[in-house]
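**Student:** Chains A and B, in that order, give the protein sequences. Numbered by my numbering, the letters in the first sequence go through residues 1 to 114 in order. Numbered by my numbering, the letters in the second sequence go through residues 115 to 224 in order.
It is worth saying that the hints were derived from the structure and are not from the lab. There may be inaccurate statements among the hints.
Below, simulated EDC-like cross-link-like pairs (lysine to aspartate or glutamate); rule was C-alpha separation at most 20 Å, straight line [unchecked claim]:
(1) B:211 <-> A:63
(2) B:211 <-> A:59
(3) B:211 <-> A:52
(4) A:66 <-> A:87
(5) A:20 <-> A:87
(6) B:169 <-> B:131
(7) A:66 <-> A:22
(8) A:41 <-> B:117
(9) A:41 <-> A:88
(10) A:41 <-> B:195
(11) A:20 <-> A:63
(12) A:41 <-> B:119
(13) A:14 <-> A:88
What follows is each chain in one-letter form.
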Amino acid sequence: GAVVSQHPSRVICKSGTSVKIECRSLDFQATTMFWYRQFPKQSLMLMATSNEGSKATYEQGVEKDKFLINHASLTLSTLTVTSAHPEDSSFYICSAAYRGEKLFFGSGTQLSVL
Amino acid sequence: KNEVEQSPQNLTAQEGEFITINCSYSVGISALHWLQQHPGGGIVSLFMLSSGKKKHGRLIATINIQEKHSSLHITASHPRDSAVYICAATQTFGNEKLTFGTGTRLTIIP
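Turn these sequences into a full structure, and let the hints steer you where they fit.
**Tutor:** The structure is reproduced here in structure tokens:
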């Protein structure tokens, strides 16, 4: 079945550094992927919609220069958290729609910024 | 008021009990998703509904479009069903952008 792979699963970094998170659709082409963040015991919040070959669409309140999204191919979208700060510490997860039907989610990335 | 609301927020039950989680939404939708999130954070899509009822194993999901309400049922619940269950709505056909409910934390006690 369709699988979405997300790496890394956990990252700890120093404040001021940048972190890249990858989301791959392993056996299907995903023209659109979604990036979410989730704070402890809160629900998922959509950050941006990643469109292959074009600029990402960011939700209100999400800084596009802070959270850089690149969707260079039909199977890969990346989220880069630039100049990370402790308040960026969160759980980040991606998803892709398979044939416009079922959604598949990556396994998530727990980011801790020291 | 959230566009997608779930109840209850927390639910604890004994193994074997029949479980119902409710989801109400206040906007027009093209589909309603039920998701399961385990303690490690991973999310599995359980159902996508636009009408009627779907069943998979011990899980049943129903939706009433007129009442803007959906339910997720678990029959013969088991401790491994313990997770957070999230309903999420897609408002535009062909666009999987989701609006999430706040989730229901289910704990099944052996």
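**Student:** Next step is simple, just say for each hint if it's right about the structure.
**Tutor:** Taking the hints in turn, this is what the structure says about them:
1. B:211 <-> A:63: 18 Å, holds
2. B:211 <-> A:59: 11 Å, holds
3. B:211 <-> A:52: 15 Å, holds
4. A:66 <-> A:87: 12 Å, holds
5. A:20 <-> A:87: 17 Å, holds
6. B:169 <-> B:131: Status holds; Cα separation ~18 Å.
7. A:66 <-> A:22: 16 Å, holds
8. A:41 <-> B:117: Satisfied, since the Cα-Cα distance of roughly 19 Å is no more than 20 Å.
9. A:41 <-> A:88: Distance ~16 Å between residue 41 of chain A and residue 88 of chain A Cα, so the pair holds.
10. A:41 <-> B:195: 18 Å, holds
11. A:20 <-> A:63: 16 Å, holds
12. A:41 <-> B:119: 16 Å, holds
13. A:14 <-> A:88: 11 Å, holds
Violated hints for the displayed structure: none, as all numbered hints are satisfied.
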